[in-house]
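J.: Each chain, letter by letter, is given below.
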Amino acid sequence: MNESLLRELVPAVIGVLVRRGADFASAEDAVQEALIRALQTWQEDPPRDPKAWLVTVAWHRFLDAARAETSRRGRELAVEVEPPAGPATATDDTLRLYFLCAHPALPPSSAVALTLRAVGGLTTRQIATACLVPEATMAQRISRAKRRIAGLPLDRPGDLGTVLRVLYLVFNEGYGGNLDLAAEAIRLTRQLAALTDEPEVAGLLALMLLHHARRASRTGPGGRLVPLAAQDRSRWDTALIAEGVAILQAALARDRLGEYQAQAAVAALHADARSASETDWVQIVEWYDELLLLTGSPVVRLNRAVAVGEADGPQAGLAALAGVPADLPRYTAVTAYLHERAGDLTRAADLYAEASRAATSVPERDHLTREAARVRQLPRP
Amino acid sequence: MKYLLLKHYRGGPTPTVAFEPMDRWTPEEVDAHVQYMHDFAARLEETGEFVDGQALAPEGTFVRYDGEGRPPVTDGPFAETKDLIAGWMVIDVESWDRAVQLAGELSAAPGPGGKPIYEWLEVRPFLSGAHTGTE
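Same order as they appear, the protein sequences are chains B and V. Per the UniProt record's numbering, residue 1 is the first one in the first sequence, and the count goes up by one each step. Per the UniProt record's numbering, residue 1 is the first one in the second sequence, and the count goes up by one each step.
Chain B extracted, bound-state conformation:
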């Protein structure tokens, strides 16, 4: 029983049902029920055409449910006036599903959950475990999200930027549970890249692959954070890096730069360096300049300051911090690092300690505490 094949069929099947006149929430419920049936029966009696099987079973489920509703008259009428199902345009349906699940009307956590369920085909339990919340909480979150987008038409192209943001959120959601959300996000982004002809989708895919390639080296014993410069580069996944770089280069060649391509370019330059000291910081600064033009984001400005500090020295880095809001996450840690490099050790240690108190995760807090402790031990000039 190939569960991943099943999961890949989910968005297309939901799409067919919706095109035949089902509302999104009912279609999604019906497909989930069909999936359960499939898991129970396919082992013994595999269908010739899995997708057609799922569409048939889910459609019957939907009709049963629709008949049982008090509003059945209205629903059946709606179904009857729908044009009969034509040849399936599966790719279009799937793409629309992405847009719907990432709808701007949904809060990000709900959009993530809905995407994983409707596009990814994951069960509520899998999503709950991966997001480290109880299953009942996740079930509520998903049904609230479905209610919220209930009336939205599935025939209008949505905002691709929102879809990409949601996929990136899935990627960054965390590494809890049995299910690797980063890998799932990569799978979905690959799917989206196959459906669309947009360099930014390729850019996001490349960015994810390049980050993912470094994952094993990012934490040490006991979950300790290992900063980029100290990572064991022999543990980087060179195949993933090569794939990410190739995808990025093809995207860049189309000359429609966007923020994900620029971010991936920075990641590629890090991946390319055989040691931290061989990093091409000058080029990285140039990419951050591009990113700044594209986004104007203060986070980019902060990251750029780090790169400037490496390319032109810590004083230049500190100067580049001008205009970055001091309450930005990591601002204090970056300032601490630049002061340390500039030789102002007491100030650096105080800032690391301050940053550790404002840290938002335990590994980050422990890392910054340790940095403060380390800098306090350094011999003073």
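If you are wondering where the hints come from, they were derived from the structure by calculation, not from laboratory data. Accuracy of the hints is not assured; some may be wrong.
[Claimed, not checked] Per the computed footprint, the stretches of chain V lying under chain B, defined by three or more beta-carbons under 8 Å from a beta-carbon of chain B, are:
| # | segment |
| --- | --- |
| 1 | 21 to 28 |
| 2 | 45 to 58 |
[What the hints assert, rightly or not] Take a look, some chain B residues computed to stay more than 12 Å from chain V by CB distance:
| # | residue |
| --- | --- |
| 3 | R7 |
| 4 | A52 |
| 5 | T56 |
| 6 | H60 |
| 7 | R67 |
| 8 | I149 |
| 9 | R190 |
| 10 | G223 |
| 11 | L240 |
| 12 | S356 |
| 13 | H367 |
From a predicted model like this one, the values you see are computed outputs, not experimental measurements. Glycine residues also receive a C-beta, built at the ideal position from the N, C-alpha and C atoms.
Using the hints provided, position chain V relative to the given structure of chain B.
T.: Quick look at chain V alone, frame taken from chain B:
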């Protein structure tokens, strides 16, 4: 039986040994402390006594209702002026004695020079224990 072990940023019945804040220890002392906490939780997972643990940021505030149509009252985010919970661990153990024993061990996490920090921990039983039978 489930118990909540509460770690405080400061506080407890009487002050104990006053150590410097952790960022003034040596990196090795910080590592040893963090490793101790990690090993402690891992060991309880192995014995089947670990339920949950979370850490909390030092800032926070007291909030209360202030009457119909009025915004809630807060005392402001003045972290220095009150005792704040640094984190918790929920354990599921055979007895109160075992809970106290484990809290004692957790309190012995190493500090500067590898000596225990004698941190006060609050141990509180859950009220939900008795009703886990048939429905």
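J.: Next, verify each hint and record whether it holds.
T.: How the hints compare with the structure:
no., hint, in the structure
1, 21 to 28, "holds (count 7)"
2, 45 to 58, "holds (count 3)"
3, R7, "30 Å, holds"
4, A52, "42 Å, holds"
5, T56, "38 Å, holds"
6, H60, "34 Å, holds"
7, R67, "33 Å, holds"
8, I149, "32 Å, holds"
9, R190, "34 Å, holds"
10, G223, "7 Å, violated"
11, L240, "29 Å, holds"
12, S356, "6 Å, violated"
13, H367, "10 Å, violated"
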